[in-house]
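**Q** Take these sequences, add in the hints, and give me the full structure.
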Amino acid sequence: MHFSLDVLPARKGDCLMLHYGSDDDPHLILIDGGPSDVYAPQLKPRLELVRGARGIDETEPLPLDVVMVSHIDDDHIRGIIELSEEQLHQTADLKLKVKTLWHNSFDDLLGTKPGALTAGFGTASVLAGLDSPAVLQELDPEREVEQQTIELLASIPQERTLRDNADKLKWKPNDKFKGDLILAKPAAKPVALAGGLKVAVIGPMQQELQALQAAHDKWLRAQKAGKKKTPEAALAAYVDQSVPNLSSIVVLAELQNKRILLTGDARGDKIIEGMELVGLLKKGGKLHLEILKVPHHGSDNNMETGFFKRVTADHYVFSGDGEHGNPERNTLQMLLDARGTDDDYTIHLTYPIDDIDVARKADWTKEQSKEKNRHKKNPAKPVRENWSPAKHGLAAFFKAHPDFAAKVVTVEPQQPHLIDLLDPVAL
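Going by the working numbering, the first residue of the sequence shown is number 392, and it counts up by one from there.
It is worth saying that the hints were derived from the structure and are not from the lab.
A couple of the hints might just be wrong.
Within a straight-line C-alpha distance of at most 16 Å, the following computed EDC-like cross-link-like pairs (lysine to aspartate or glutamate) qualify [as the list claims (entries may be wrong)]:
(1) 567 / 555
(2) 488 / 449
(3) 798 / 733
(4) 561 / 476
(5) 772 / 758
(6) 677 / 691
(7) 677 / 714
(8) 677 / 695
(9) 559 / 439
(10) 798 / 728
(11) 761 / 776
**A** Here it is in structure tokens:
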């Protein structure tokens, strides 16, 4: 029996495959597809490799039990859109047979008509304002939250495209949930998939979506009252630590008492709350897993040391190339503080540490420049210090903690990176 997580380098995003089942009855789930420049060089070749390993003729489709898009951010959905476009237009030499698409449309989450959320300021204007001084003046100083909010709203037309493509391709939407939203519910039982896999839904939760709905309704009322806001002001209404990634689907996959937690970009405290809601975690209790996909590429905005103390794992997967600063040094420090170095566990990075630091430094310098511009207009606005490899770099951090560094493995380019929990998968 197989139960393996296949970790692909997905630039700043996520792209994972879950292999499970037996040699005679293999199953495959695709979780997110990364941003642009991930599908063609990474995901498609990996799917072709799986097809070849299974001995499937090139004229026959590779079965996919589930394609899951955790949420609509470009760094999760873009690769899946490219995959669906290729299948739809029959330009693919790789044929796929997808049973179902698991995905919560943002319009469905809000109960709106397609495009209602971005009405009055289309994708182009959202993207054009991404780095504008006006946006930076009006939005919260926590730049990462601003950026992910803007990118999320700009991604809404993308997910409508995916839904339309999936409908034409006859990928059944949310089949195990009767076509409804995928939500965490009190004491809900896991759903059972062919091959013996059980999947428990931990997020999103209803109360979170109600808060998002309230913010959206308030904005719509202002629109109807003729108080049309600028794109910047409208986006500001959604900047809240709990809002930008509320739509993330969080699931716990289990087979033969081995467990993998797939977190999307959810926040650590919300994951804890969701596990308590569905009965997987007792109040104040702890849970041990075999694999934890660390939320939001290791952003320290989403994590705290307490999370790593309550949810422990044998394997921690950090998916990120340094863009937007992820994975953050602070998050790795939290993990070190929570677990120490005596425990036996492995840290999986999707890119080499030095390469991640190059991108993290570039992001740091870029954000520092913006902070300086804000500071000129408002001296009360803080400006971060200059980048210091010793103080801010991952390489220096791991050098200072050699026992922790010994736990790190890196995904090799063009090589399958499989974390096998049962019998190894041969690719």
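**Q** Taking the hints in turn, state whether each one holds.
**A** Tested hints:
The straight-line distance between the Cα atoms of residue 567 and residue 555 is roughly 20 Å, outside the 16 Å bound, and the hint therefore fails. For the hint pairing residue 488 with residue 449, the CA-to-CA distance comes to about 13 Å; that is within 16 Å, so the pair holds. For the hint pairing residue 798 with residue 733, the CA-to-CA distance comes to about 11 Å; that is within 16 Å, so the pair holds. In summary, the hint linking residue 561 to residue 476 is supported, as the alpha carbons are separated by about 13 Å, within the 16 Å threshold.
The hinted pair formed by residue 772 and residue 758 meets the criterion: a straight-line CA distance of about 13 Å does not exceed 16 Å. Taking the CA atoms of residue 677 and residue 691, the gap is near 21 Å; set against the 16 Å cutoff, the hint is violated. With a C-alpha separation of about 32 Å, the suggested pairing of residue 677 with residue 714 is violated against the 16 Å cut-off. Taking the CA atoms of residue 677 and residue 695, the gap is near 15 Å; set against the 16 Å cutoff, the hint holds.
As the CA atoms of residue 559 and residue 439 are separated by approximately 23 Å, the hinted pair breaks the 16 Å bound. Proximity of residue 798 to residue 728 is assessed by CA-CA distance (about 15 Å); at most 16 Å being required, the pair is judged to hold. A hinted pair counts as satisfied when its Cα atoms are at most 16 Å apart, and residue 761 with residue 776 qualifies at roughly 13 Å.
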